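Chains as they are written, first to last, in this note's numbering: chain S, 142 to 304; chain B, 213 to 415.
Everything labelled a hint here was simulated from the structure, so no lab data went into it.
Just to be clear, a hint being listed does not mean it is correct.
[To be verified] Beyond 12 angstroms from chain S on every Cβ pair, some chain B residues (computed):
1. N214
2. Q234
3. K254
4. A266
5. A268
6. N275
7. I286
8. M291
9. I294
10. A301
11. A314
12. L329
13. K335
14. I346
15. L358
16. T366
[Said to hold, decoys possible] Dumping the calculated SDA-like pairs for lysine to any residue here, alpha-carbon to alpha-carbon at most 20 angstroms:
17. K403/B x M331/B
18. K295/S x E221/B
19. K148/S x L230/B
20. K219/B x S200/S
21. K250/B x L342/B
22. K255/S x L409/B
Keep in mind it's a predicted model, so treat the numbers as computed, not measured.
No residue lacks a Cβ here, since even glycine has one placed at the ideal position from N, Cα and C.
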Amino acid sequence: MEPTKEKTFLSYLEKHKGILHKVARMYMDAPEDCEDLHQEIIIQLWKSYDNFKGESQFSTWMYRVAVNTAITFFKKERKWSETFSEATIADVAYEEYSGEKDRQLEVFYNAVHKLNPVEKALIFYFMEGLSHKEIGQHLGINEGNARVKLNRTKEKLQKIIKK
Amino acid sequence: MNFEELKSEWEKDNSGNLNIPQSIEKLKMAQHPVEKLKRNMKIELYPQIIAILALAFVPSLANFQSSLYSFYYISYAMMVVISVYYLYAFYRFYKNIHQYAAATKDGLLELYFELRLNMERYKSFGFLLLPFGIIWIGLYQYNKLLLSDIAFETLSDNIILIVIIVIVIFTAAMIIAINTWVNSFYGKYTKQIRNILDELKEE
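Chain S extracted, bound-state conformation:
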């Protein structure tokens, strides 16, 4: 393993760790699952790092690998007791971490957890400020389809929040 390559990779990662954090929070609710997904994304980023040619920004490349990993990282099924205790822990952990000012964001993340994996990806890219065209390129669908799906997902999200 080349130490310089690894060092450069880790410094990129440190700079863009917000992407890791947000993708994991969107796709997983329990802290343990979030941590597992962080690790998984880092592993896949590292394995794919040789394909990163620097033609695009690191963040653009990282979006794809992170979202593609999260979409196919199906959460393991848990027993009822496990789900119950972890959900309780998760609520407490996020409460302590975020406080009142992030309340809106917390409501948002909770609503996002009710979306399917593709809808989560659409909302993630939208929140990151990507255009319909860019969202379509990342997901491998056309611009019009990305627009229709995103609008539908935003409506769905509003409905979930209002419930």
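Model the placement of chain B on the given structure of chain S, informed by the hints.
Chain B in isolation, oriented as in the chain S frame:
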């Protein structure tokens, strides 16, 4: 909910308590379903190779009559060629599966079809090995008859009929077992990917 207001909160939500590891070695073993699948394939490969090599010694271990050696080794050679072909195909699947940096739909389509193809490969490999298994069991039994000085022609029609029925039941049971095993190994994950692909369909 106002998405524009939310975006400013989103931008501030940078990393929580996330710590990036100091080195890649400190990461745990990958838990992604594809990585688990690859690990299982790697674990399976060694017993498969050992089994193929061990089968070469069956005639001497089972005291086969010299007249049966040629029958056994002709079928064994065919089985080795078929196994090498399939094991190489599994190796290629193992090496190339899932490009995470591709556009989501393209990557998933490739993954889905690769998984489906590998499922069918596993099944056809299992089905192809079945006749060899039956031939070898037959040779083993025939060898026992030869050692006991019993001529095959002296076996009654009823015994022949029972053998045929046993072979049919054994073959059917193996087909069901192979299908069940492959579906339990890949089925759930392939179905989940299919569902995501359906979500990405054009509207």
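Now for the hints, and whether the structure bears them out:
{"no.": "1", "hint": "N214", "verdict": "violated (9 angstroms)"}
{"no.": "2", "hint": "Q234", "verdict": "violated (8 angstroms)"}
{"no.": "3", "hint": "K254", "verdict": "holds (15 angstroms)"}
{"no.": "4", "hint": "A266", "verdict": "holds (35 angstroms)"}
{"no.": "5", "hint": "A268", "verdict": "holds (37 angstroms)"}
{"no.": "6", "hint": "N275", "verdict": "holds (51 angstroms)"}
{"no.": "7", "hint": "I286", "verdict": "holds (44 angstroms)"}
{"no.": "8", "hint": "M291", "verdict": "holds (35 angstroms)"}
{"no.": "9", "hint": "I294", "verdict": "holds (32 angstroms)"}
{"no.": "10", "hint": "A301", "verdict": "holds (22 angstroms)"}
{"no.": "11", "hint": "A314", "verdict": "violated (7 angstroms)"}
{"no.": "12", "hint": "L329", "verdict": "holds (17 angstroms)"}
{"no.": "13", "hint": "K335", "verdict": "holds (23 angstroms)"}
{"no.": "14", "hint": "I346", "verdict": "holds (39 angstroms)"}
{"no.": "15", "hint": "L358", "verdict": "holds (55 angstroms)"}
{"no.": "16", "hint": "T366", "verdict": "holds (59 angstroms)"}
{"no.": "17", "hint": "K403/B x M331/B", "verdict": "holds (12 angstroms)"}
{"no.": "18", "hint": "K295/S x E221/B", "verdict": "holds (17 angstroms)"}
{"no.": "19", "hint": "K148/S x L230/B", "verdict": "holds (18 angstroms)"}
{"no.": "20", "hint": "K219/B x S200/S", "verdict": "holds (18 angstroms)"}
{"no.": "21", "hint": "K250/B x L342/B", "verdict": "violated (25 angstroms)"}
{"no.": "22", "hint": "K255/S x L409/B", "verdict": "holds (18 angstroms)"}
In the structure shown, a violation is registered for the earlier hints numbered 1, 2, 11 and 21, in ascending order.
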